[in-house]
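Participant: Please construct the entire structure, taking both the sequences and the accompanying hints into account.
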Amino acid sequence: MDLEQFAVILSIGLFNGLIVALVAIGYTLVYGIIELINFAHGDVFMLGTLLTYFGLVAILPGFGVEASLISALALIPFIMVITAVINASIERVAYRPLRNAPRLAPLISAIGMSFILQNVGIILLGPSPKAVPSVLPNDPLIVMPGGRTLISLNEVVVGAVTIPLLLALAYFVTSTRQGKAMRATAQDREAAGLMGINVNRTISQTFLIGGALAGAAGFVVALFLGQAWWFFGFPFGLLAFTSAVLGGIGNITGAALGGIVLGLVKSISDFYIEARWTNVIVFSILIIVLVFRPTGLLGAKQAEGA
Amino acid sequence: MTDIRPDPDPSGPGSEQLREAVSTPTTGVPAQGSDPVFEARGVTKRFGGLLAVSEVDFTIPRGAIVSLIGPNGAGKTTFFNMITGLYRPTSGQIRFDGRDLTGLKPHEVVRAGIGRTFQNIRLFGNMSAVDNVLVGLHHRLKGRWWEAILRPPSIVAEEKRAFDEAERLLAFVGLEGKTHITARNLAYGDQRRLEIARALATEPKLLLLDEPTAGMNPEETRRLTDFVRRLRSDLGLTVLLIEHDMQVVMGISDRVTVLDHGERIAEGSPDTVRRDARVIEAYLGSGAAAGVGTH
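Residue numbers (the numbering used here), protein chains in the order written: chain A, 1 to 306; chain B, 307 to 601.
Treat the hints with care, since some could be wrong.
Partial pick of chain B residues on the chain A-facing surface, computed with a CB cut under 7 Å [to be verified]: (1) 354; (2) 416; (3) 417; (4) 428; (5) 430; (6) 444; (7) 451; (8) 560.
Computed list of chain A residues with no C-beta within reach of chain B, every gap over 12 Å [stated by the list, open to error]: (9) 60; (10) 120; (11) 135; (12) 137; (13) 199; (14) 209; (15) 234; (16) 282; (17) 294.
Quick partial rundown of chain B residues pointing at chain A, CB under 10 Å, derived from the structure [as the list claims (entries may be wrong)]: (18) 392; (19) 424; (20) 442; (21) 485; (22) 487.
Keep in mind the hints are simulated off the structure, nothing from the lab.
We put the CB at the ideal spot given by N, CA and C, even for glycine.
Facilitator: Take a look at the structure:
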């Protein structure tokens with residue numbers, strides 16, 4: 001076995017996994033707090049790729065700025081704010097009115113929101129993938145003795161965007177007063193309200209955070225793959241959702257771990273087996289894990305019913 | 307279990323509430339009667355065809371310890387849930403401290419000054435003891451989320467004050483040294499204390515205790531009863547209890563209100579209520595009243 005090649009595959013898997021983790025956290029945060037699988041989340045991520053595309057081909061040139069790595073990075077905060085607001089608005093419009101309805105109702109409205117966002121994507125981007133200007137330098141950064149590139153500059157950019165966000169999120173949730181309010185609301189919404197926490201505001205904040213992370217992930221993917229496509233929400237959303245379930249839905253560390261594990265599995269399977277078998281492998285692993293650990297890898301206790 | 311004792315250092319920084327309480331102790335029973343802090347008028351709750359609470363009038367004098375009793379299904383918990391904003395009354399009005407609370411959301415009721423504990427303990431089990439108390443303090447803090455991440459000195463100071471006050475409250479209920487223990491790993495009695503600390507953190511003027519002695523042995527019950535008296539004498543709180551243990555009710559209450567089938571059937575001092583024929587009937591069934599009521 002070619003160890004250098006294996007190292008390269010692991011490195012690819014790791015960076016892909018970091019991106020998936022950002023999206024997976026959005027699923028798990030929302031599930032944790034309102035026990036809803038937000039099917040529109042993948043499409044909010046897709047809007048992140050869309051916004052990156054328009055930022056680079058229309059907005060930056062409109063201001064007379066050349067599309068470069070630096071100017072692209074300057075777009076990130078704007079993209080995150082927009083996807084955050086979109087995600088929170090979806091909750092306000094499509095989920096909050098159904099908060100006390102049977103669980104199937106918000107699930108269906110989530111699927112509906114997903115279709116709406118996909119169609120927004122088709123209208124704005126057209127049916128086929130759009131090429132995003134390539135601003136990511138692909139220069140090798142760490143080259144192994146055998147001549148293969150272990151880490152290239154574009155992967156460093158991926159890491160530089162994703163890792164600080166993951167750490168900031170972990171800090172936010174565990175250590176800040178708003179994070180504590182989120183955890184309390186996730187554990188017992190009613191009791192949290194009775195302890196003075198504004199539950200609606202806390203739920204909105206959760207959607208804001210999930211949307212912002214999805215926007216950042218969309219940005220990274222648009223640059224990394226060089227494409228923006230209305231259909232991106234589905235494959236990435238599915239993988240991210242699977243990661244969240246694999247790690248233990250509702251558990252943030254689990255979602256990040258699940259994302260990285262699936263990123264690695266995907267790249268190993270893509271290379272050593274065949275890309276078209278990758279989904280089979282990914283879901284077989286999911287099924288096996290769930291059979292033996294129904295609550296996922298980090299086995300969060302099943303959230304109590306509302 | 308350690309004794310519940312007051313804060314040993316009332317002069318330290320932090321809790322205004324506790325400092326105030328310890329430095330100006332209101333020993334004995336505060337003046338009562340003419341000044342109701344809480345008033346429910348004609349409060350009714352219907353669930354479809356079921357009349358859970360019917361036209362209940364209910365007042366709590368400031369500084370009093372009042373019990374709400376009644377057989378299972380009498381509507382006590384429904385009444386509690388209307389006070390705390392979980393249910394909106396079908397009709398009637400709830401006033402607290404000069405404000406109309408009817409139809410407010412739970413967190414708004416808390417901010418108006420009503421805190422509560424739960425019959426079946428509802429701590430945030432995955433969080434540490436101090437984090438549970440900090441959740442109770444949440445609404446009294448001002449830091450915004452970006453400040454929480456950027457950490458200007460003001461937020462660092464606020465978090466420090468909040469943490470100190472949380473520790474102070476833990477000590478007040480007798481949980482010193484258990485700051486960082488995950489709530490669900492605490493002993494049962496300690497979980498009950500933590501619920502009270504968390505409720506006190508919301509800075510209530512009126513504290514609702516839902517069956518605080520449920521599952522306690524006689525010794526724990528006695529300590530808790532003393533502790534409830536201290537809530538009034540040290541912190542100046544008004545207390546409303548739902549309680550099944552009649553010894554506790556009769557020993558601690560200034561006033562007792564009895565609900566049965568959603569209606570208020572009696573109200574008055576423990577002695578009056580104990581002798582009330584309708585109360586005896588509600589608890590023991592019709593026919594018993596004649597025999598028992600004459601004691």
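Participant: Work down the list of hints and note, for each, if the structure agrees.
Facilitator: Cross-check of the supplied hints:
Using the Cβ-Cβ criterion of 7 Å, the hint placing residue 354 of chain B at the interface with chain A is not satisfied: the shortest such distance is roughly 15 Å. Annotation: interface hint on residue 416 of chain B holds; nearest CB of chain A at approximately 4 Å, less than 7 Å. With its C-beta approaching chain A no nearer than about 6 Å, residue 417 of chain B sits inside the 7 Å limit, and its interface hint holds. The beta carbon of residue 428 of chain B comes within 4 Å of a beta carbon in chain A, closer than 7 Å, and the hint placing it at the interface holds.
Because the closest C-beta pair between residue 430 of chain B and chain A is about 5 Å apart, less than 7 Å, the hint holds. The beta carbon of residue 444 of chain B is positioned within 7 Å of a beta carbon in chain A (closest approach about 5 Å), and the interface hint is therefore held. Checking residue 451 of chain B against chain A by beta carbon gives a least distance of about 5 Å; that is within 7 Å, so the hint holds. With its C-beta approaching chain A no nearer than about 25 Å, residue 560 of chain B sits outside the 7 Å limit, and its interface hint is violated.
For residue 60 of chain A, the non-interface assignment is confirmed: its Cβ lies about 26 Å from the closest Cβ of chain B, beyond the 12 Å cut-off. Non-interface status of residue 120 of chain A relative to chain B is upheld: no Cβ of that chain comes within 12 Å, the nearest being about 28 Å off. No Cβ of chain B comes within 12 Å of the Cβ of residue 135 of chain A; the nearest lies about 28 Å off, and the non-interface call holds. Against the 12 Å criterion, residue 137 of chain A stays outside the reach of chain B, whose nearest CB is about 30 Å from its own CB.
A Cβ of chain B approaches the Cβ of residue 199 of chain A within 12 Å, the least distance being about 7 Å, so the stated non-interface status is violated. In this structure residue 209 of chain A is not separated from chain B by more than 12 Å, as the shortest Cβ-Cβ distance comes to only about 9 Å. Every C-beta of chain B lies more than 12 Å from that of residue 234 of chain A, the closest at about 31 Å, which supports listing it as non-interface. At roughly 29 Å from the closest C-beta of chain B, the C-beta of residue 282 of chain A stays outside 12 Å, upholding its exclusion from the interface.
For residue 294 of chain A, the non-interface assignment is confirmed: its Cβ lies about 19 Å from the closest Cβ of chain B, beyond the 12 Å cut-off. Annotation: residue 392 of chain B was flagged as interfacial toward chain A, and the flag holds, the nearest CB pair being 7 Å apart, inside 10 Å. The closest approach between the C-beta of residue 424 of chain B and any C-beta of chain A is roughly 7 Å, which is under the 10 Å cut-off, so the hint is satisfied. Proximity of residue 442 of chain B to chain A holds as hinted, the smallest CB-CB distance being about 5 Å (cut-off 10 Å).
The interface hint given for residue 485 of chain B is violated, since its Cβ lies 14 Å from the closest Cβ of chain A, which is over the 10 Å cut-off. A distance limit of 10 Å between C-beta atoms decides the matter here; for residue 487 of chain B the minimum to chain A is near 16 Å, and the interface restraint is violated.
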